[in-house]
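Listed in order, the protein sequences are those of chains Z and V. For what it's worth, the working numbering labels the leading residue of the first sequence as 1, then goes sequentially. For what it's worth, the working numbering labels the leading residue of the second sequence as 1, then goes sequentially.
Calculated directly from the structure, the hints in this document are not laboratory data. Being a predicted model, the structure only gives us computed values, none of them experimental. A portion of the hints provided could be inaccurate.
[To be verified] Calculated cross-link-like contacts (lysine-lysine; reagent style DSSO-like; alpha-carbon spacing at most 30 angstroms):
1) Lys2(Z) <-> Lys75(Z)
2) Lys147(Z) <-> Lys2(Z)
3) Lys71(V) <-> Lys75(Z)
4) Lys75(Z) <-> Lys74(V)
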Amino acid sequence: MKLRGQVWKYGDNVDTDVIIPARYLNLHTAEELAPHCMEDIDPGFAEAVQPGDMIVAGENFGSGSSREHAPLAMKGAGVSCVVAHSFARIFYRNAINVGLPILESPEAVDDTERGHQLEIDLEMGRIHNLTTGDIYQADPYPPFMMKIIDAGGLVPYTRQGMRS
Amino acid sequence: MGHTTSEKILAAHAQEEEVRAGQFVEVDVDIVLSNDITAPISIREFERLGVDEVFDPERVVLVADHFAPNKDIKSAEQCLAMRRFARAQELPYHFEGGRMGIEHVLLPEQGLVLPGDIVVGADSHTCTYGALGSFATGMGSTDIAVTMATGRTWMRVPETIRIVYYGELKPWVGGKDLILYTIGLLGVGGARYQAIEFAGPAMDSLSMDGRFTMANMAIEAGAKTGLFAVDDTTLDYVDGRAARPYHVHQADEDAVYVQTLEIDVSTIEPQVAFPHLPENARPVSQSGDVRIDQVIVGSCTNGRMEDLTAAAAVLRGRQVHPDVRCIVIPGSQQVYMDALRAGLVETFLGAGAVFSTPTCGPCLGGHMGVLAGGERAVSTTNRNFRGRMGHRDSEVYLAGPAVAAASAVAGRIAGPEEVLA
Numbered sequence: 001m002k003l004r005g006q007v008w009k010y011g012d013n014v015d016t017d018v019i020i021p022a023r024y025l026n027l028h029t030a031e032e033l034a035p036h037c038m039e040d041i042d043p044g045f046a047e048a049v050q051p052g053d054m055i056v057a058g059e060n061f062g063s064g065s066s067r068e069h070a071p072l073a074m075k076g077a078g079v080s081c082v083v084a085h086s087f088a089r090i091f092y093r094n095a096i097n098v099g100l101p102i103l104e105s106p107e108a109v110d111d112t113e114r115g116h117q118l119e120i121d122l123e124m125g126r127i128h129n130l131t132t133g134d135i136y137q138a139d140p141y142p143p144f145m146m147k148i149i150d151a152g153g154l155v156p157y158t159r160q161g162m163r164s
Numbered sequence: 001m002g003h004t005t006s007e008k009i010l011a012a013h014a015q016e017e018e019v020r021a022g023q024f025v026e027v028d029v030d031i032v033l034s035n036d037i038t039a040p041i042s043i044r045e046f047e048r049l050g051v052d053e054v055f056d057p058e059r060v061v062l063v064a065d066h067f068a069p070n071k072d073i074k075s076a077e078q079c080l081a082m083r084r085f086a087r088a089q090e091l092p093y094h095f096e097g098g099r100m101g102i103e104h105v106l107l108p109e110q111g112l113v114l115p116g117d118i119v120v121g122a123d124s125h126t127c128t129y130g131a132l133g134s135f136a137t138g139m140g141s142t143d144i145a146v147t148m149a150t151g152r153t154w155m156r157v158p159e160t161i162r163i164v165y166y167g168e169l170k171p172w173v174g175g176k177d178l179i180l181y182t183i184g185l186l187g188v189g190g191a192r193y194q195a196i197e198f199a200g201p202a203m204d205s206l207s208m209d210g211r212f213t214m215a216n217m218a219i220e221a222g223a224k225t226g227l228f229a230v231d232d233t234t235l236d237y238v239d240g241r242a243a244r245p246y247h248v249h250q251a252d253e254d255a256v257y258v259q260t261l262e263i264d265v266s267t268i269e270p271q272v273a274f275p276h277l278p279e280n281a282r283p284v285s286q287s288g289d290v291r292i293d294q295v296i297v298g299s300c301t302n303g304r305m306e307d308l309t310a311a312a313a314v315l316r317g318r319q320v321h322p323d324v325r326c327i328v329i330p331g332s333q334q335v336y337m338d339a340l341r342a343g344l345v346e347t348f349l350g351a352g353a354v355f356s357t358p359t360c361g362p363c364l365g366g367h368m369g370v371l372a373g374g375e376r377a378v379s380t381t382n383r384n385f386r387g388r389m390g391h392r393d394s395e396v397y398l399a400g401p402a403v404a405a406a407s408a409v410a411g412r413i414a415g416p417e418e419v420l421a
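All chains, full assembly: derive it from the sequences and hints.
Take a look at the structure:
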């Protein structure tokens, strides 16, 4: 699957409180959460983001609270992929579980600016910066994670296991 | 080559002879937890799994604590969804109303989480139970839904950082100051994907309440969990509470650590972590003149009896500064009762503080103390991220209960010795 979109760039330690502030945690669907996505780090984001756009960020993306509302809000807002130096561990699991593609590639992050166009081949883990022409190879997923991704998320993966 | 505590607990729950850091394992879980803001998604995903019943009703714990007592209609509906699920599944450990507490204060108090357990919770501060020598970690709602159905989850066995604390604590220095100092050293991502073992003579003499505070904030260094060795202090706490048998696992002398740090606690002053990261810790004496509008004493980090006792010791016979709202929140109904019996509630009310029923409320900007734009709070909670306690232009300064109480009196960030002088 190839994804294509415009980049929204942020720094290190983007926490789940700024991705979806707790005042909205009385909501729990992607559609309800989407209008508040990134509200406390970038108040204009939710209104301006286009389907397919990508978030590119530094170290420890998704740190803090375990709220799955964070990847849900991003999915609801149309974010197609997050590329970061590294991810906080609970966010990493949550993104895989809900089917939000995430990739680790410090080189791609460092060379990418807000507004650049990226094309990402998820199977290959290849990130093509269409604005600069550069191509990067993301770190591969652990084999165990690939099984969950291939199944389409943790719920379908678990259903497969329960059937067999 | 020996094993860390985490490796031993995970091996025992994976029915393996031994496991090593880096390995992926599937483990049996002893307790699975969710709360009123994360359970609605867990319940939705549980239903999507097509399973009728939870794996064991005695092992699934639900607590209405974040936006409870219900702060608005949407929150009431989330608590209702959780209540209906608890009734349909006949869960004996569904806590709300006058029987609730903040989950990470309540579960140990009720003897529901025990040494050697694996505990997973849809709350990042689930790592608190590492204070009891359990392997406890936070996950998202979907992971929790699957564990509620199967009693199992997958884990990557973490590397472990061992931190050895030695020396005598200075007056007014407690678990919160030590953990803020430690996060300042490690950074908010410094223990990412790893476990921390808190060790050394200064940990041996730390109370259970202090240990809960430290383990609670392991996640703020990015850690998967933070564990203490089980000793007489642990066993004294667990005795008379444990609702079932448990098995103690201790690290081997020759366990392999990814890093060992030594910290001389005798050099550590009471700490304050400045906005907007818990790693921005500095001694209270180097805080400068920071005027404040609100003080929170409470939360899963510092809502226990020792915390309220320290705050009361500073507030006794003094008055909260006229520009400050000081809100004290016990972590559970038991802590509330103990505080009442010890005369602490009278001290807080006499000082002009608010004394609330247990709730997570203000810690995450939910209710019971939300900040306006430009306002500043000193808080004994665990996160000072942008917008954490309310408006995105508000600020949270993290501290222990003694500094929080002293700041409430001074109207600015202040250490207890300054106020008591």
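Verification of the supplied hints:
| no. | hint | result |
| --- | --- | --- |
| 1 | Lys2(Z) <-> Lys75(Z) | holds (16 angstroms) |
| 2 | Lys147(Z) <-> Lys2(Z) | holds (19 angstroms) |
| 3 | Lys71(V) <-> Lys75(Z) | holds (27 angstroms) |
| 4 | Lys75(Z) <-> Lys74(V) | holds (22 angstroms) |
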